[in-house]
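Q: Chains as they are written, first to last, in the working numbering: chain R, 1 to 364; chain A, 1 to 286; chain B, 1 to 264.
Just to be clear, a hint being listed does not mean it is correct.
[What the hints assert, rightly or not] Only pairs whose alpha carbons sit at most 20 Å apart, straight line, appear in this in silico EDC-like list of lysine to aspartate or glutamate:
no. : chain 1 : residue 1 : chain 2 : residue 2
1   : R       : K26       : R       : E44
2   : R       : K225      : R       : D207
3   : R       : K125      : R       : E141
4   : B       : K95       : R       : D29
5   : B       : K11       : A       : D103
6   : R       : K217      : R       : E173
7   : B       : K11       : A       : E197
If you are wondering where the hints come from, they were derived from the structure by calculation, not from laboratory data.
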Amino acid sequence: MPSDQPSPSRTAGTGVPLHLRGLTKKYQDFVGVDNLNLDIQGGELVALLGPSGCGKTTTLRMVAGLIPVTSGEILVGGRDVTSTPTYQRDMGLVFQSYALFPHMTIAQNVAFGLEMRGIGKDEIKARVRDALRMVHLEGKEDRKPTQLSGGQQQRVALARALVVRPSILLLDEPLSNLDAKLRDEMRREIREIQQKTGITALFVTHDQVEALAMCDKIVVMQAGKLMQAGTPREIYEAPANPFVASFVGRANRLTARGDGSGRYGLSGVEIRGSAGISGNVTMMIRPHRITINDPAAAGENGLSGRLTEVTYVGDLVQLEVASGDQTIMVERSTRSQEALPTIGESVSLNWSAADTMVFSEDAP
Amino acid sequence: MPAAVQKEKGSASLVAMLLVPIIVVNSIGFILPILNLAQLSFKEALVGGGIGEAFTLSNWAILIEDTFYLEVLWQSVWVSAAITLITLACSYPIALYLHRTSDPIRTVLIVLVISPLLTSAVIRTYGWVALLSDNGVITSLLTSMGLNVPPLMFNTTGVIIGMTEILMPYMILALFAGFGRLDQNVEDAARALGANELRVFTRVVFPLTLPGVVLGCLLVFVLAVSSFITPKLLGGGRVFLLATEIYDQAIVTLNWPLAATLSMLVLIVFGLALALYARALRLVTA
Amino acid sequence: MDNNRMGLPMKLLVSILFLYLLTPVILVFPLSFSDDQTLAFPPSSWSLRWYRAIFGDGRMMDAFITSLGLATVVTLLSIVVALPASYAIVRFPSKVTNALFNLLTAPLLLPTIVLGLGILIVFASLGVMGSFSGLVMAHMTVTLPYALRVLTTFLTGLNLTVEEAAATLGARPMVVFRRITLPAMTPGLIAATALCFLVSFDEVVITLFLAGPRMTTLPVELYHRVEMQPDPLVASVSALIIGLTLAVVLIVDRSLGLNKTFVK
Chain R
1 MPSDQPSPSR TAGTGVPLHL RGLTKKYQDF VGVDNLNLDI QGGELVALLG PSGCGKTTTL
61 RMVAGLIPVT SGEILVGGRD VTSTPTYQRD MGLVFQSYAL FPHMTIAQNV AFGLEMRGIG
121 KDEIKARVRD ALRMVHLEGK EDRKPTQLSG GQQQRVALAR ALVVRPSILL LDEPLSNLDA
181 KLRDEMRREI REIQQKTGIT ALFVTHDQVE ALAMCDKIVV MQAGKLMQAG TPREIYEAPA
241 NPFVASFVGR ANRLTARGDG SGRYGLSGVE IRGSAGISGN VTMMIRPHRI TINDPAAAGE
301 NGLSGRLTEV TYVGDLVQLE VASGDQTIMV ERSTRSQEAL PTIGESVSLN WSAADTMVFS
361 EDAP
Chain A
1 MPAAVQKEKG SASLVAMLLV PIIVVNSIGF ILPILNLAQL SFKEALVGGG IGEAFTLSNW
61 AILIEDTFYL EVLWQSVWVS AAITLITLAC SYPIALYLHR TSDPIRTVLI VLVISPLLTS
121 AVIRTYGWVA LLSDNGVITS LLTSMGLNVP PLMFNTTGVI IGMTEILMPY MILALFAGFG
181 RLDQNVEDAA RALGANELRV FTRVVFPLTL PGVVLGCLLV FVLAVSSFIT PKLLGGGRVF
241 LLATEIYDQA IVTLNWPLAA TLSMLVLIVF GLALALYARA LRLVTA
Chain B
1 MDNNRMGLPM KLLVSILFLY LLTPVILVFP LSFSDDQTLA FPPSSWSLRW YRAIFGDGRM
61 MDAFITSLGL ATVVTLLSIV VALPASYAIV RFPSKVTNAL FNLLTAPLLL PTIVLGLGIL
121 IVFASLGVMG SFSGLVMAHM TVTLPYALRV LTTFLTGLNL TVEEAAATLG ARPMVVFRRI
181 TLPAMTPGLI AATALCFLVS FDEVVITLFL AGPRMTTLPV ELYHRVEMQP DPLVASVSAL
241 IIGLTLAVVL IVDRSLGLNK TFVK
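Model the full assembly from the supplied sequences, consistent with the hints where possible.
A: See below:
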């Protein structure tokens, strides 16, 4: 990395690894996080992705030490911090609600963590200045948090968390209070700063686009359990189960029967799929990987049906096709010049065997 | 696991430590006195302020047998009910005006409504003495106009006039808070459907404000039943109400068991008012 | 807003009702400048004699000093006792603390005449009748619920994540409380202080039961005066009390806005 970046910087890749071993949080009547195992390499930005209530925030708060762990271990750089109090854990946490100290100025906010570490006045001053420069907030030192916009407040929160050079950066839905345009901008900025400083970061989000676009690795959670961990490409192209396939990206969910050799019966037609499972299976196909009335698609999986509905959603046209007792959604770019079939017309659908994701029917 | 358990245990003892002082004050200043009152109402009063040891129902028997106390109870209830209704009538227009006007006038008016609340009841009652006494402002004004004025103080009239004013701020604030449901658009909708102003009020505005009305009435009624300062000063010892009777029995007659029994009676009236409120609220929100 | 339904009759009616509501308080001021021996309005001539009379009235002065000292002590103790309690109730919510909150604010629901009688009988047996410490205890019974309610409301509104943020930045629990929680609670503390002071300074019914010839408070002394000889002295003292109240309210308003504190 070029060394033009002032102080609060680490070289990329020097971040501390984070390991979760059998991390569990039980409440009186339900299990918030169930035996979670996770290995995060130094310098990685990892997304904890899942619907609300899946345990992702609980996981983050356990890592930060804000809620006690029921069982399991948290290792930071090989050191067990499971029973270390929050104030000694050396984590930087950025909240969804910013959580800036309302009675302090921006500079005082950023300086707080340094003060707690007993750092000298002059160094605090220099580091606060550098941190604010890093998030493009020079000149706002003496403002109060309420005098800044939401995006600016989140930048202050980021600077405040990073200025102490924590071993791990934790981000709890940091972008969900921002409007769409600002969210895009902040996404890029957080990623840039994280890469420049090389800090290991855990990013909680329910937004799959955010996770796909920003992170080195995605951890999908559901009902307190780990569903899949992998790179964005792995998660999208090779989901481990139907839940991941439909939570990250859109997918048709069909039921079929397999003979164990990779061939499946779907509405009386033989379909070739990616796995060899026998018996009842769940078959998932992404709508934009299906072509409609494409003469060049001979030899691929095919199905015929009747077009029942067409919805124009801007950059896409969504077509609903009834085939036997199943309904299949097809997406086509509006860039295509070809005429759309009319509703009620018979159509043929094609997709490749590689795009046919097959799971046993009892997968989550 | 041990860390979590330890943390929970630690916070439980911390919570206990933080709460002990307030619990001590509450026990000595509230729980003990009230429990003591309750048991005292079943003890015999001895001559000269003494208290008997034995359990007795005689205090409660006095309340039922002695027509004087039945009259005091009846007088307390109807005077309080009258005060409640008059207070409602005087407060409703103000609350409606507050609801319909906007800042900064509204803020100024709200401050004006609250300011009497911050002024001692003794001072405000003194103001009424100045207004209502035989050579007071109102009496002399009316007399100078050639009117024959009945005495306005040391009777029920004076108590009702003063109490109404004392309790108006509570009623206004309760009504105003309850007017939140009153949406300008709903009124306009009724008007657009052809309702005249009277019908808009009786069919739309008033029904919508009923929950606030019921709450305000409960509040003012219980405050009226338990008020002491104003009835004592404006009634001049000639208007017998539960609250004034409690004081007289406790301080003048030194019959603490009977005073305790009357106190329990006030609490029973409170309970009945609360039950009535719950029923009325169900009725108006159903 | 809507002028046609806020017509002249409505405005007139509201003005008359406001006049009814405010006259008894406002009347106190002209009466306090009376030169008459007895209560009469309008006074035959004006003077400051009843303000001078206050300082010549030993009982009134003693009562005033007692009230001031009492309200100050009661307020300080109330805050010291209610602040930790409110923290425990808001930050460690459970069935127990919720039930406790209801119990601790219950004295507000009880008629003061009943509470006063109850306290009189218990305190008589404890031998603290007519004593300063007895009055402090009795007043705290009514000021604590106010303090507790105001402080818990403010603490509940305080964003817990702000305290968590401080902890992640390395602040120990006591540092978090001192540097983050307490400063953020300043408006609540000011409101609670003012409210406790005013409630204690104005308390009359319970004090009436406890005050003896040796020790009495200003409102109780005023009460007896109105009962026995309602002369213009009551007006001049009242005018000063209203002035004091106004000063307290203005301080609160300066620091956080009246509406927020007293209109819930």
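Q: Hint numbers the structure violates, sorted upward?
A: 1
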